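Chains as they are written, first to last, in the UniProt record's numbering: chain X, 1 to 351; chain G, 1 to 640.
Honestly, the hints are just simulated from the structure, not real lab data.
These numbers were taken from a predicted model, which means no experiment stands behind them.
One or more hints might be untrue.
[Unchecked claim] Now the in silico label distances, taken between C-beta atoms and shown as ranges:
1) Asn523(G) x Asn304(X): 33 to 41 angstroms
2) Lys577(G) x Lys316(X): 35 to 43 angstroms
3) Ser494(G) x Ser128(X): 46 to 54 angstroms
Glycine residues also receive a C-beta, built at the ideal position from the N, C-alpha and C atoms.
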Amino acid sequence: MDAMAEFVVGNIVRRVLYIIREEDLSLTTAAMVGLNLSAVSDDEDDADRDDQPVLSATAIATASRNALHPPSLQTLLEDVPDSAAVQHTSSSGRDSEGKSKSADKSSRNRKLKHDVVEAMNELIQDVSTCHEPIVVRVEHIHQKYLFLEVILTFGSSRTVLQFLCVAKERKRSFLVLVAEGAPRYQGHLLAKELVTRGLQTTLITGSAVFAMISRVNMVIVGAYAVLANGGVIAPVGLNMVALAAQKYVVPFVVLAGSHKLCPLYPHNPEVLLNELRCPSELLDFGEFSDCLDFGSGIGASLLNVVNPTFDYVPPKLVSLFITDILWSISALLIQCGDAMHSPVSAITVSH
Amino acid sequence: MDPRRTARTVSDPKVRQVGFFTPPPDHAISDPPRHHDPIQSPSQSSPPVNDRSPSDSSLSPVMIPPPRHHSDALLRTALQATSPTKPFSPSTRTVMIPPENKDLRSPGRKVVYGKSPSSFSGVKASSVPASELTTVSVVNLALGISVEGKILTAEEAGGASVEVQNDRRASSKPLKEKTSKAERRALQEAQRAAKAAAKAEGSKASSSASKVVTSENTKPIKATKPSSQKNDGSQVAASDKKGGDRAPEKDRKKDAPHPRMQYDDTSRVEKAKKRAVVKQTEARNRVELFRHLPQYEHGTQLPDLETKFFELDPMHPALYKVGLQYLSGDIYGGNARCIAMLQAFKEAIKDYSTPPEKTLIRDLTARISSYVSFLIECRPLSISMGNAIKFLKSRIAKLPLALSESEAKTTLMLDIDRFINEKIILADKVIVEHAVTKISDGDVLLTYGASSAVEMILLHAHELGKEFRVVVVDSHPKLEGQLLLRRLVRKGLSCTYTHVNAVSYIMHEVTRVFLGASSVLSNGTVYSRVGTACVAMVAHAFRVPVLVCCEAYKFHERVQLDSICSNELGNPDAISKVHGREEINYLDGLVNCENLQLLNLIYDATPSDYVSMVITDYGMVPPTSVPVIVREYRREHLWS
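One chain only, chain X, in its complex shape (with noise of 0.2 angstroms):
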C-alpha cells in the first residue's frame, strides 16, 4: 500500500517503459522504410518484384504485431534479432541484404540505447520545468472592477507558488487567502513564500475555509496525482473545500504536471489511494496516559487516531486543470493520460 502512494513515481516508471518501446517501434519504422525503399531500387530485378508486395506485408504484420504484444524491454535492449530481419532472411534469401541485416542489429541495438537515454533526458527536463507551461496561463486572474481578486489555496504547492509569482510579475493585484493544512501546516510555509514575494496574504484555518468562502473569486490548488477519471489526489482537506467552493460557485482550479496524470482508476480511493501518518502529529505520545491504560488490552482499543494524507477529489468538483501539455476539462485529460501510457491508443501507424 506504501507503493501505491507514490504516484508519480510510478507515472515516470511507465513513462520510461513507453519511451522505450516507442524508440524501437520507431527504429523499426525506419528500417522497414529504409528496407522498402532498397527493395524498390532494385525493381529492375523482375524475380524481386513478386516478392516486394510480399516483403512489405509480413514487414507490415510484424510492425503492427510488435504493436499488440510488444516485445520485453530485454528482448528489444539486448540480443534476441528482430522478427522482422528473421522473416527477411528466410523470405528473400538474400545473402547481402541479410549478412548487411545482422551487421545492422548490433548497431541498431546501440541506437536505441542512444534515443532512449536521449528521450530520457527529455523527460527529465520536462518534469523539473513543468511549471512554466502552466504559470503562463495566468489569464485567469485578472483584476475585478474594485475589489481585488480573492485566490484561496490550501496546503503547499510548488506549483501554485510559482503560478502566483508569475500572476503578481505580470501586475495583476490580488490578494491570497491560505488555508493552513493541518496537521503539517505547509501553509505557513506557503505563506511565507508569498509573504517574502511581496503578495498580499492572509493565513486562516482549515476549519475557516467555508466561512470564507463566500467571498473568495478563484480556487487554485496543486495536487499529487491525477486519476484516470479525472479524479485528484490532493492534501488531506481538498474535497472539503472542493465541496464549499461547488457550493458558492467557485472555480476550483487544478495544476498538475503532466507527469503527475495516472492510469489508475479510484475504486475505494480513501483506504486504497491513501496513507495514514503518525497519530503523535494530532495528539501527543503520552499525553492520553492519565485516562488511557495502555498496558490492559482494554484501554489501547478505546482511542484510535486517524491521520490521513490524501483526499480524494471527485472529478465532477474540478472545473479545470492546467497541465503542461494541455489545460482541459477532467475528459479530454482521460484521452491525454491513456495516450501516455498505453501505446496502443497513441500508435498511428505511419503508412
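Add chain G to chain X, keeping to what the hints say.
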C-alpha cells in the same frame, strides 16, 4: 413584535404549556409587606461598620483593599456572620480547584481550569439517571472562588438563597426600624418629588449612558433602556429593542434588532474608547474584510486589569473576576459563560444598594449596563449571554415600584436562579432525553469541538447501555475536542479522534452527526464554532443526518447570511504558533510584516439546508421552526 397578541394569561388549550409558564412568584408571600419602606439610604448605616471592613476583607490577609461602599461592607459582614457552611459540591471533580482560594492576585493564571471537568450544578434532584451533567467549563469553580467565599451555586439556590435573604433581611431590619413610619412616608414623598423633578434629566442621563452602552454593544439585544422608562409611561427613546412588555404602536417598528456597532466607524469607536474600562490596543495587520469587528492585541489587557483590581469602584469584584476569566479563556462555551455571568450579577445585585435620590429600577439597570459594557471589553458577548441580559433587564423593569429594596433584590436573585434552572439545566436534561432516542446500537456518531449538550447526550446514552462509537473532530487552534475526548475516554466510550481536514475521510463510516450551537438564528442558520459549517457540509454531501442540539434560550431573532457580517475575531498569534509542536515555526519573525495577515475566526454560520433537525427543550424541530419558537414562546415564558 405583533401587538395584536394579548398576554396569554389564560392557558390556551391549543398551545402546549411546557412547564415554563410559572405562577406569580411565591417569594412575595414570604416577605413581610413593606410597602412603605423608603428606599434605604446608605448614609444612615452606622459608621462603626466602616472600620470593620478592612479587617473583614475576605481576600488574602496580605491584600487589604481600600474600603468599599458602606452598604457593601455591611452586607458582607452580615453574610460572614452567617456563612453558609455547606461545603463545595462534592460532585465537582475538584482536582483543579487550587487551595489558593485567597490568591486573587492572579486570576489570569488559572489557565488549567478551563480544562478540568466539572459538573453542572443543580443536578441532585434530577430524575434523569445521568448522575452528573457535565459542562466544559468551570462553573462551580467560578462560584467557589467567589470573592467573599459565599457559595451560592445554582443547586443550593433554593436553600441558600432563602437563607441568605433571611440573613440580609435580618441585618437590614435594624436599619429600617430606626426610621419611624412618618419619617418614612415623608422620605418617600420627598423621593417621589425628587424623582419627578429628576425624571427629565435623570432619564436623559441614563438614556445617554445606556445609549452609549448600546452603541458599544456588538449585540443589539441588550438595549432595553426604554423598557425601564416605559414603566413610567412615556419615553420614546432611541431606536432600541425593548424588553418585551406591551409595546405602544409606535415602538413596534423598533422591535427590529438594533444594528450592532460597526467598528469601522471611527467616531463611535472613539466614544467607546473613552468610556472603556479596559485599555485595548488595536491589533496591527487587521484583515480588511473584518474591519467592522473589534480586534485588539491579546495579552495586553490582562496585566493591566490585574493591577486595577482594587481601583475600580463602580465595578463589582465578582464581575471583574468573571471578565478576567473570559479574557484569559478560562471560561468558554455558551452555557458556562452565561451561567458565570448570571451568578456574578446575582452577587452584584445582592451587594447593591440604591444611591439616594435614585430609583432602584433605573439605577440598577444603568449599573447592569455598565457591567455589561465591561464584559464586552473583555470578550464580546455570546448570544446566550445577550438573551440572559435582556431577560434580566426586563425583570428589573417589571419590578413593582412598591417593593422595598431588599424584596426587589430577592426577587431578582430568585428570578436569575429560576432562569438558570429552567432555561439551562432543565433544558439540557430535556434535550438529552430527546436526543438519546435518536441513538441506536451500532451507530457511529460524529461530533465537532466540545459542546456541553452533546457531551451530556453521549454520556447519558452510554450509561443507558447503548453500543456506539464516537468520532471526535477537532481543529486548530483551540483544540477543544481534546477536552471532550478526555472526558469520553475516561468514561469508557470508544472514540476516534481526527482533525477537521480529514472529515471527508472519516465521513463515509459515520451514521449521525451531533453538533452543538452557540445560537440558532431566525432563518435557521446555526451560529456556532468555526468549522461546524465544514463538518455539516461534508455530512450533507455524504447524506448523513445532522442534528443540532441547542437550548431554546439561545435562539435569536436576527438573521445572518454568512459568517462575515457578524463574528468574533480571536487572537491571531494563536494561528502562527502551533501549540505543542514547536517545529512549526515558519512564521517566526514574519508576524509584523505588513503583507501577512492572520485571521482567527471564532464563529461561523451553517446554512439551514445542511441541518436535518434541531433538538431543543421544546422538542425536536426542523430548523425552520426556530422563528416560531422565538415568537410564540419567548414572549410569554421568558419575559413574563
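message = Flag every earlier hint the structure violates by its number, smallest first.
response = The structure breaks none of the hints.
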